[in-house]
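Visitor: First to last, the protein sequences are chains A and B. Each step along the first sequence adds one to the number in the working numbering, with nothing skipped, and position 129 is 304. Each step along the second sequence adds one to the number in the working numbering, with nothing skipped, and position 266 is 441.
No wet-lab data here; the hints were simulated from the structure. Just to be clear, a hint being listed does not mean it is correct.
Since copy identity is lost for identical chains, a pair holds within one copy or between any two.
Claimed, not checked - Think about it this way: if two alpha-carbon atoms lie no more than 30 Å apart in a straight line, the pair counts; the simulated DSBU-like pairs of lysine-lysine are: (1) K430 <-> K201; (2) K220 <-> K442; (3) K339 <-> K180; (4) K412 <-> K447; (5) K457 <-> K447.
2 protein chains.
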Amino acid sequence: MKEDKVITIVGLGVVGGSYAIALSKKGYTVYGVNRSQEGLELALKAGAIKEGAHTPEEFFAKSDIIVIALYPDQIIGYLEKYGKYIKKGCLISDVAGIKSMFVDKINEHVPQGCEFLFCHPMAGREKRGFRYADDRVLQGANFLLVKTENTSDEAIERMTRLVKNIGFGNIRITDAATHDKVIAYTSQLPHAIAVSLINSDDENSETASFIGDSYRDLTRIANINEDLWCELFMGNKDNLLHSITSFQNQLSVLKKAIEDNDDKTLKELFVKSTARRIGLEKKKTQ
Amino acid sequence: MKEDKVITIVGLGVVGGSYAIALSKKGYTVYGVNRSQEGLELALKAGAIKEGAHTPEEFFAKSDIIVIALYPDQIIGYLEKYGKYIKKGCLISDVAGIKSMFVDKINEHVPQGCEFLFCHPMAGREKRGFRYADDRVLQGANFLLVKTENTSDEAIERMTRLVKNIGFGNIRITDAATHDKVIAYTSQLPHAIAVSLINSDDENSETASFIGDSYRDLTRIANINEDLWCELFMGNKDNLLHSITSFQNQLSVLKKAIEDNDDKTLKELFVKSTARRIGLEKKKTQ
Chain A
176 MKEDKVITIV GLGVVGGSYA IALSKKGYTV YGVNRSQEGL ELALKAGAIK
226 EGAHTPEEFF AKSDIIVIAL YPDQIIGYLE KYGKYIKKGC LISDVAGIKS
276 MFVDKINEHV PQGCEFLFCH PMAGREKRGF RYADDRVLQG ANFLLVKTEN
326 TSDEAIERMT RLVKNIGFGN IRITDAATHD KVIAYTSQLP HAIAVSLINS
376 DDENSETASF IGDSYRDLTR IANINEDLWC ELFMGNKDNL LHSITSFQNQ
426 LSVLKKAIED NDDKTLKELF VKSTARRIGL EKKKTQ
Chain B
176 MKEDKVITIV GLGVVGGSYA IALSKKGYTV YGVNRSQEGL ELALKAGAIK
226 EGAHTPEEFF AKSDIIVIAL YPDQIIGYLE KYGKYIKKGC LISDVAGIKS
276 MFVDKINEHV PQGCEFLFCH PMAGREKRGF RYADDRVLQG ANFLLVKTEN
326 TSDEAIERMT RLVKNIGFGN IRITDAATHD KVIAYTSQLP HAIAVSLINS
376 DDENSETASF IGDSYRDLTR IANINEDLWC ELFMGNKDNL LHSITSFQNQ
426 LSVLKKAIED NDDKTLKELF VKSTARRIGL EKKKTQ
């Protein structure tokens with residue numbers, strides 16, 4: 176199999192930047208494309224990229240792998256504009272948090288002789304920009320590979336080798352429909368909850384003196400990039416609404432147990448959640 | 176003011192055990208009372224206590240401060256049974272997560288010449304028992320002092336000195352009604368949410384491969400001590416139901432924005448939550 180040595184990262188934000196740092200540390204030749212000059216300079220200074228530019232023509236012509244770490248709705252336009260500069264045999268990928276809505280469209284725009292592999296690294300941060308990029312967030316993180324009818328085994332092998340190399344843990348192959356359904360529950364619903372929790376605070380309450388780790392943990396992701404997450408929510412609307420409804424139903428069961436002074440049901444809910452949480456940790460460490 | 180040197184901790188669980196470790200490190204003479212022999216032996220072995228026993232008579236007779244780190248509903252019975260052994264001038268306290276329901280009752284059972292100061296250290300863990308005790312969880316944590324009509328300034332000063340000494344950060348004086356109202360929101364509601372989130376998972380879903388830090392953070396406290404938390408929920412029922420309802424309303428607003436494809440409202444919710452979360456961090460570091 177072809178050895179991939181030259182990688183271009185488009186978008187040196189938190190995710191793209193973290194990739195760049197990790198890849199450079201592992202000896203890959205990494206080029207960075209970024210809209211802002213500041214991001215490019217920070218990445219160069221940090222040794223995360225060999226060279227940087229605002230547009231990708233030159234880098235695309237010599238890259239073995241390209242990671243487009245832009246917002247989901249920017250990917251197609253990017254391929255339309257710059258796809259022609261990509262060299263044959265290149266493996267192109269993304270880092271988008273939703274897939275179904277554009278899988279087919281992207282497959283239509285892949286340059287001939289290249290392949291697009293849909294990827295979702297489950298590692299991010301609530302902050303924006305290269306200054307918050309950190310390769311440690313990738314270590315042991317889950318990585319989702321989304322297979323379509325166009326996906327080759329070779330592409331999966333190449334990407335798996337790359338991401339294992341920079342520290343990702345469990346690499347899971349799935350399809351776009353399953354991905355979006357489960358991600359609505361594991362990623363988008365938690366964000367919807369965190370936002371609603373902090374927004375339900377009494378304006379006049381002096382909450383800050385009364386919090387412990389639980390409130391801190393549950394609201395960390397209430398610090399949210401509104402443009403990106405609006406796009407992710409709206410682009411996965413039906414799945415997310417389904418997850419919100421399931422959660423609302425569970426919370427209603429718990430609320431009713433409190434209203435009814437029903438200790439037995441309340442404890443059963445706690446025992447169930449405890450078993451599930453312990454099960455999750457076990458699966459993680461397997 | 177009197178210098179407090181001898182402390183008895185009743186209940187060497189996660190919270191009591193963490194106190195014991197921290198106090199011993201700071202040179203206090205610490206006695207431990209615990210139901211299980213295993214907890215006593217672990218605490219002795221860890222150097223967290225000087226001596227341990229299953230009942231407190233001997234230790235109470237020589238203690239300057241007593242911390243009763245039992246479940247809320249056990250405190251009154253404990254004072255009834257062992258209050259007579261407590262020496263005059265002793266400051267007695269608790270670590271309970273709710274207050275209003277028993278403040279008056281406890282004040283009736285305080286031995287003459289002693290004072291009971293209601294305390295709520297905002298530091299815990301989702302696990303049980305001394306083996307999970309760790310003084311690091313106290314470092315910088317919030318500490319709530321709940322004042323009643325019986326509370327003296329001297330008691331507040333003695334307790335403040337003690338808990339500052341073992342690392343607590345912001346020490347806040349409040350009253351029982353305010354305490355229970357705010358705690359319903361900052362502590363009990365997050366637990367209700369975490370339990371409902373993990374319980375709303377599809378039984379057949381292979382969630383573990385699809386999670387990132389957000390889901391891990393939001394479900395950590397779904398691993399919950401069912402007896403303790405059932406008591407805390409039921410003992411603060413009205414406040415908690417109010418908090419759950421406010422949260423449900425917020426989540427409904429967000430859900431409706433998604434249903435209506437209302438990007439503007441959704442982004443406004445995100446901007447609001449982001450500002451609040453940043454504000455929280457700022458207050459913490461002040």
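Visitor: Run every hint past the structure and note whether it holds.
Guide: To see whether the hints hold, each was checked on the structure:
For a Cα distance limit of 30 Å, the shortest separation of K430 from K201 qualifies neither inside one copy, at 51 Å, nor across copies, at 43 Å. In this assembly of identical chains, K220 and K442 lie within 30 Å of each other by CA distance neither inside one copy nor across copies; the values are 54 Å within and 34 Å between. For the identical chains of this complex, K339 and K180 are intra-copy neighbours only, at 15 Å inside a copy versus 55 Å across copies, given an alpha-carbon limit of 30 Å. Taking the closest pair of Cα atoms, K412 and K447 come within 30 Å of each other both inside a single copy (28 Å) and across two copies (21 Å).
Taking the shortest Cα distances, K457 and K447 sit within 30 Å of each other inside one copy (15 Å), while across copies they are farther apart (36 Å).
Of the numbered hints stated above, those contradicted by the structure are hints 1 and 2, listed in ascending order.
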